[in-house]
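Go ahead and model the full structure; you've got the sequences and the hints to work with.
So the sequences go chain by chain: A and B.
At position 83 of the first sequence the residue is numbered 83 (our numbering), and the sequence of numbers has no breaks.
At position 324 of the second sequence the residue is numbered 418 (our numbering), and the sequence of numbers has no breaks.
Since the hints were derived computationally from the structure, they do not count as laboratory data.
For glycine and all other residues, C-beta sits at the position ideal for the given N, C-alpha and C.
A portion of the hints provided could be inaccurate.
[Stated by the list, open to error] Covered stretches of chain B (in silico footprint by chain A; criterion: 3 or more residues with CB under 8 Å from a CB of chain A, positions within the stretch not fixed): (1) 131-145; (2) 187-200; (3) 321-330.
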Amino acid sequence: MSSEWPLWEVFIRGQHGLNHRHVGSLHAPDAEMAINNARDVYTRRNEGVSIWVVRSSDIVASAPSEKGPLFEPSNSKVYRHPTFFDIPDEVGHM
Amino acid sequence: MYAQMVKTDAPRVKSLDEMDPQERAFQERIDAGQKIEPKEWMPEGYRKTLIRQISQHAHSEIVGQLPEGNWITRAPTLERKAILLAKVQDEAGHGLYLYCAAETLGISRDEMYEQLHSGKAKYSSIFNYPTLSWADIGAIGWLVDGAAIMNQVPLQRCSYGPYSRAMIRICKEESFHQRQGFDILMKMVKGTSAQKALAQDALNRWWWPSLMMFGPSDDASVHSAQSMAWKIKQNSNDELRQKFVDQTVPQAEYLGLTIPDADLRWNEAKGGYDFGEPDWNEFFEVIAGNGPCNAERLGARRQAWEDGAWFRDALTAHAEKAARRAQPVAAE
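Below you can see the structure in the form of structure tokens.
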């Protein structure tokens with residue numbers, strides 16, 4: 001036999017109620033082992049309160065070559081940022 | 095270092111004008127301090143150099159467990175044993191972070207293991223020395239992990255995203271390793287004269303191999319120059335070695351131990367220590383596989399891999415069987 005175990009991406013939710021965050025990947029034969037291994041590899045110092053694992057092959061990613069067409073449209077829409085608007089000092093905090 | 099003398103395939107470093115537009119755009123991104131991510135275009139030499147360096151670094155973490163593993167069952171107290179276990183487990187974790195980073199460049203885990211086990215891939219020269227007494231565990235943490243930190247801190251800024259992120263995780267954990275080593279020696283030098291003598295003996299044996307970890311002077315190396323242009327490497331070997339000596343000498347003084355170098359003296363003009371030259375013949379012998387423990391280390395590593403084969407296969411078989419039986423289950 002000797003086929004390589006599949007690759008899993010590991011996401012951990014930290015102590016402070018933030019989103020699960022990608023921390024790295026690992027090999028494991030199945031989901032249960034992936035969670036166990038993720039515990040040992042990525043939370044040795046109490047870094048998390050919850051773990052997600054996803055088979056790397058199930059992740060669909062945007063292509064680096066598409067970066068232009070994908071993200072360009074938002075470049076011209078600076079009015080989406082609050083700093084685009086000048087509010088006079090007299091108005092106070094807004 | 096943990097990766098020593100990594101080759102780049104470059105006959106010399108090209109200037110921007112000599113590069114085709116794609117390569118030039120790549121180099122300009124690096125010059126601008128941008129990170130390169132796995133699926134983006136990169137020159138073949140950059141990819142291969144990173145694979146060599148990251149896999150060598152990963153192999154070093156994995157083989158690096160062996161000299162310390164020697165003392166897990168012989169640690170002087172239960173607390174020391176628990177601490178050493180945690181440290182060795184960290185080394186395994188560091189190896190895993192790094193293997194994953196290397197895999198993003200298109201080499202498989204099994205290929206890397208194969209290269210290690212066949213002797214084709216190298217690991218750091220330092221792990222081919224024996225751990226003869228408990229004081230050696232102190233010296234390894236203090237000196238070997240200290241030298242590793244010197245090298246790994248700048249690697250956090252490496253141009254390749256996954257390597258840089260792995261180094262950030264590793265550096266967070268590495269300081270524990272150095273401190274636990276220093277703590278062992280602090281205890282020993284306050285002990286009996288026999289214990290203090292063991293500490294001195296450990297320093298005598300580990301000092302020069304630790305300096306060799308940085309590799310020979312690479313000021314004239316084209317590989318080093320290319321790695322620096324790609325921001326895979328940030329400092330020259332001599333620069334890092336000097337920093338290490340300057341940092342470590344006062345620590346040895348604090349311990350009341352003598353660094354085994356007759357040429358060691360403070361140089362006011364350069365604001366650092368002058369020190370002797372390591373025995374580079376010894377270094378090249380160890381790298382070539384002729385160090386005191388090369389055969390033992392690689393043998394232990396191979397045996398662990400072979401002895402674990404039935405277990406890996408069993409887990410795979412179990413996973414396949416379970417997958418065949420599985421009913422669709424709703425996610426939480």
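The hints, checked one at a time:
no.	hint	result
1	131-145	holds (count 4)
2	187-200	holds (count 5)
3	321-330	violated (count 0)
Going through the hint list in order, the structure does not satisfy hint 3, though it satisfies all others.
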